[in-house]
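**Q** These are the residues of each chain, in order.
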Amino acid sequence: MKKTGAEVLWESLIREGVEVMFGLPGGQIIPAFDAMLNYPQLHFVLVRHEQGAAMMADGYARASGKVGVAVATSGPGATNLVTGIDVAMMDSSPVVFITGQVPSNLLGTDAFQEVDMTGISLPITKHNFLITSPDQVAHAVREAFYIARSGRPGPVLIDFCKDAQVAKTEVLESSDVHLFGYHPPTHAPAVQLEQAAELIRTAKQPVIFAGHGVMISGAVEEVRKFAERTNIPVAMTLLGLGALSSSHPLSLGMMGMHGTAHCNLAIQQSDLIIALGMRFDDRVTGNLKNYAPNARKIHVEIDPTEINKIIHADVALMGDVKTVLKDLDSRIPNAKHEEWLNQIKEWKQDSQQRDILVQPTNGKLHVPQIVNDIWKATKGEALIVTDVGQHQMWTAQYYPPENPYSFITSGGAGSMGFGLPAAIGAKFAQPGREVWAIVGDGGFQMTQAELSTAAQENIEIKIAIMNNHFLGMVRQWQEFFFEKRYSAVQLKNPDFCMIAEAHGIPSRRVLKPDEIHAAVEFARATRGPVLLDFHVEQEEAVYPMVPPGADLHAMIRRPIQDEKG
Amino acid sequence: MQHTMIALVENKPGVLNRVASLFRRRNFNIESLAVGQTENPEISRMTIVVEGRPEDTARIEANLYNLVNIIDVQDVTGQPVIARDLALIKVKAEPKLRAEVSALAEIFRARVVDVAPESLILEITGTEDKIESLVELLRPFGVLEMVRTGQVAMLRGGAIGVRHMPGANGRDA
Ligand SMILES: Cc1ncc(C[n+]2csc(CCOP(=O)(O)OP(=O)(O)O)c2C)c(N)n1
Chain A
1 MKKTGAEVLW ESLIREGVEV MFGLPGGQII PAFDAMLNYP QLHFVLVRHE
51 QGAAMMADGY ARASGKVGVA VATSGPGATN LVTGIDVAMM DSSPVVFITG
101 QVPSNLLGTD AFQEVDMTGI SLPITKHNFL ITSPDQVAHA VREAFYIARS
151 GRPGPVLIDF CKDAQVAKTE VLESSDVHLF GYHPPTHAPA VQLEQAAELI
201 RTAKQPVIFA GHGVMISGAV EEVRKFAERT NIPVAMTLLG LGALSSSHPL
251 SLGMMGMHGT AHCNLAIQQS DLIIALGMRF DDRVTGNLKN YAPNARKIHV
301 EIDPTEINKI IHADVALMGD VKTVLKDLDS RIPNAKHEEW LNQIKEWKQD
351 SQQRDILVQP TNGKLHVPQI VNDIWKATKG EALIVTDVGQ HQMWTAQYYP
401 PENPYSFITS GGAGSMGFGL PAAIGAKFAQ PGREVWAIVG DGGFQMTQAE
451 LSTAAQENIE IKIAIMNNHF LGMVRQWQEF FFEKRYSAVQ LKNPDFCMIA
501 EAHGIPSRRV LKPDEIHAAV EFARATRGPV LLDFHVEQEE AVYPMVPPGA
551 DLHAMIRRPI QDEKG
Chain B
1 MQHTMIALVE NKPGVLNRVA SLFRRRNFNI ESLAVGQTEN PEISRMTIVV
51 EGRPEDTARI EANLYNLVNI IDVQDVTGQP VIARDLALIK VKAEPKLRAE
101 VSALAEIFRA RVVDVAPESL ILEITGTEDK IESLVELLRP FGVLEMVRTG
151 QVAMLRGGAI GVRHMPGANG RDA
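Chains as they are written, first to last, in this note's numbering: chain A, 1 to 565; chain B, 1 to 173.
Simulated from the structure, these hints should not be mistaken for lab results. All figures in this text were calculated on a predicted structure; none of them were measured in a lab. Backbone N, C-alpha and C fix where the C-beta goes; we use that ideal spot for every residue, glycine too. All the pointers check out, no bait thrown in.
Simulated DEER-style distance windows between Cβ atoms:
| # | chain 1 | residue 1 | chain 2 | residue 2 | range |
| --- | --- | --- | --- | --- | --- |
| 1 | A | Gly-432 | B | Gly-14 | 38 to 48 angstroms |
| 2 | A | Leu-511 | B | Arg-24 | 49 to 59 angstroms |
| 3 | B | Pro-41 | A | Gly-108 | 18 to 28 angstroms |
| 4 | B | Thr-125 | A | Asn-294 | 53 to 63 angstroms |
| 5 | B | Thr-125 | A | Ser-330 | 49 to 59 angstroms |
| 6 | B | Ile-160 | A | Gly-218 | 34 to 44 angstroms |
| 7 | A | Thr-109 | B | Arg-24 | 23 to 33 angstroms |
| 8 | A | Gly-218 | B | Arg-53 | 28 to 38 angstroms |
| 9 | A | Val-191 | B | Arg-53 | 20 to 30 angstroms |
| 10 | B | Thr-125 | A | Thr-109 | 34 to 44 angstroms |
| 11 | B | Glu-55 | A | Thr-361 | 51 to 61 angstroms |
| 12 | A | Val-191 | B | Thr-125 | 39 to 49 angstroms |
| 13 | B | Arg-53 | A | Ala-488 | 39 to 49 angstroms |
Some chain A residues well away from chain B (every beta-carbon gap over 10 angstroms; in silico):
| # | residue |
| --- | --- |
| 14 | Ile-14 |
| 15 | Ser-64 |
| 16 | Gly-65 |
| 17 | Asp-135 |
| 18 | Gln-369 |
| 19 | Asn-372 |
| 20 | Gly-504 |
| 21 | Ala-550 |
Modelling step: build the complete structure from the supplied sequences, incorporating the hints.
**A** Here you go:
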C-alpha cells in the first residue's frame, strides 16, 4: 500500500511517541496539515508566533525528557523559528523542527515564501534534512529523532518540500538508523578512568561541578551517591540546578556570575574540579587566566568538541556522565574532607548574613522575597520556568529546586521571551505538576501573544510578572559599569491585568509585601492560566555579581546594611 | 604549523557546505581543501590543510567528527604520507624564451601541456614545496595565471588512514 509523504510524516511521529506538537500552518505545509486531521491522537497546539512554538516544544522537551516537535510553514514561518532553534541548540534540548518548503522543482528560484532553511539553520542545528521525495520521509524522521535525543541532544530540522508531502511512496517505515558517521562516545577508557581516580583520591579540596549533562544522562542518583560517599561538595551550573537537591548539605548552589559567593570562593580555592556534563561557559568561569588556579580538572563530557575548548582538562573522560560515574565508582574510596567542608561552611555563613531576605525591609516589593514566598508555598517542588534577566537570576538563587527537571530557563542563548511559551510546553509535558512562569516585564512582552494560546488551550500555568518597569538586567549593567547612564531601558508598560482580562485570564496586581501570600495562593487555586503582576522595587541589583571578565572571586557583594537601613 | 587532515564523508548534497560552515563558525582557517570521490561511490574524501597549533587541530578534528555526515577524520601530520598538489601555471614565454622555460620545467618533472605564441602552460604535481620552488623560478618570466588543486594525501604502506566504519578515530571504547 502507498501513502503520501504527509501521512508517512505523521505516522512516523506517532511511532516516535509524539503526542503533542506546537506550530502554525501556511501555504507550503497545508497538505501536511490536511493529512494531520486523520490522526486525532496527535494534539496540535496552535500558537500565535512560530517563535512561541519553538520555545513551547523546547519547554516540552526539557520537562519530559522526550523530543519536542514544532511545525511551521516555509519562508517567514520557518525564519520565525530561528531564535527558538538557537535556544535549543545552546542548551542541548532535543527538538525536531518541521518546516514546509516550496515544491522541489522550484527550489532555488526565489519562489514565493522560499527561504534556504537548511542553510539558515545549519550552524544552529545538530543536523538537518531537506526532503524532496516521499521516499525519504520515514528515514529522515527516524534519524532526526535519533540524532536529537542521543549523545549530546540538540535540535534537528526537517525541511519538507510540498510536492513530497503530496506524492505517494511505498517507504512507510524505517526500521534501522543508518548513520555511518554518528557514534557518540559512551564509555571512557580504563586508563583515563584510573588517572581520574588517582586525582580524586589525592585531592584535598575537591569540588564536583554538575551541569545540564547530569540531568540529560539521568545521573542524578549517581552524582548524589558519589558526592555523599566522598564528601565532595557539588556546585551547579544554571542548567544543572536540581542535579543535587538544594537543601542537601553538600550543595554549594549555583556557580558563576550570579552564583553564591561561597560556591565561587570554593571553586577558586579548590585543588580539583570534577566537571560533569558542563562546558565552562564564560558566565561560569569569569576571567580564565585566574580561574581555579590551583585546581586540576577532570572533564567528563559526551561532546568531544567541548574538551579543551575553554579550559585545559588534565584528564578528559569522554562519555556519558552516568556510565562514566558508574565506571569510576569502584576505583574511589570513601572520604571525609572535613577541613575543606568546614572552610566552606564559614564562607556560607557570610553569604547568609548578606542575604537580602535577612536585611531590614523598606516596605517595597522585592523579587527575592516573592520568589522565596512561591518557594515556601510550593515547598520548592513546583516546575519553575523563567525568562531572561534579573528575575531569572533571582529565581535561580531563591527558588533552588529540590528535584531535578524542575528548573527550565534559557541558559546559553539567554533569550528573552522564553518563559511564557516554555512554561506552556512544560505543562503539556507534566500536566500533573504545578508550573510557574516567572518572567520580567520586558521579556514577557516579547512573547505575550502566547497568552492567547494559553487561554485557547486553557492550560494551567501560573504567570508571575516581576514588573520593575525596566529592562532590569541591562539597567543593572548601566548602573554598575556605565555610571548609571540609563540608555533605552525604561519601559512604559500596559496594564498587564487588563491584558489578562482581555484573554479571560484571571489576574491580580500586587503592590505590597503583605499581599504576596494571598496572591500566590490565589494563583495556586486557579485552574487554567492565571497572571500575577508584581510591581517590584524598580532599581534593585542582583548580588553577588562577578563583573564580566573579572576573576570569579572578585564578586560585587551586597553591602551589609545597618539597622537604620 | 601546517596540519593535514583526511576526512571521509558521506557523499550527500550539502556536506561540503556543512564543513565550510563549521570552519567559519568556529573561526578555523583552511589553507586548502580538496574533495573527491573514493573507491566507494557513497563516500567522498576530503584532504584539509590548516594552519594552527596542535591543540587547535585536535579541536578541528573533534568538531569535524561531530558532523553527522563525517564518517572519520584523521590528522596525518607527522605520519609517513604521500602528499600531492597539482598546479597549472601559465607562464609568459616569447618564442626565444620557450626553451629556457621548458628546461626549468624538465628539472621539476613538470610538463608543457599548452603552447601559445606568447605563453606556455605547465602542469606539475608534487609536494607543495616543490610546486612553490618552481613558481619562484618562473616568476621572473611572468606568471600570468595559476591554479592549484590543494593537497591530497594518503598514508604510505598498507595502513588505511581513515576508516569507513563506525568507531573511527579511536574514540570507541
Ligand atoms: C531576545 C533578547 N534581547 C535582548 C536581550 C538582552 N537582555 C538581557 S536581560 C535584558 C533585560 C530583561 O528585562 P526584563 O524582561 O524586564 O527582566 P528583568 O531583568 O527586569 O528581570 C535584556 C534586554 C536578551 N537577553 N534577549
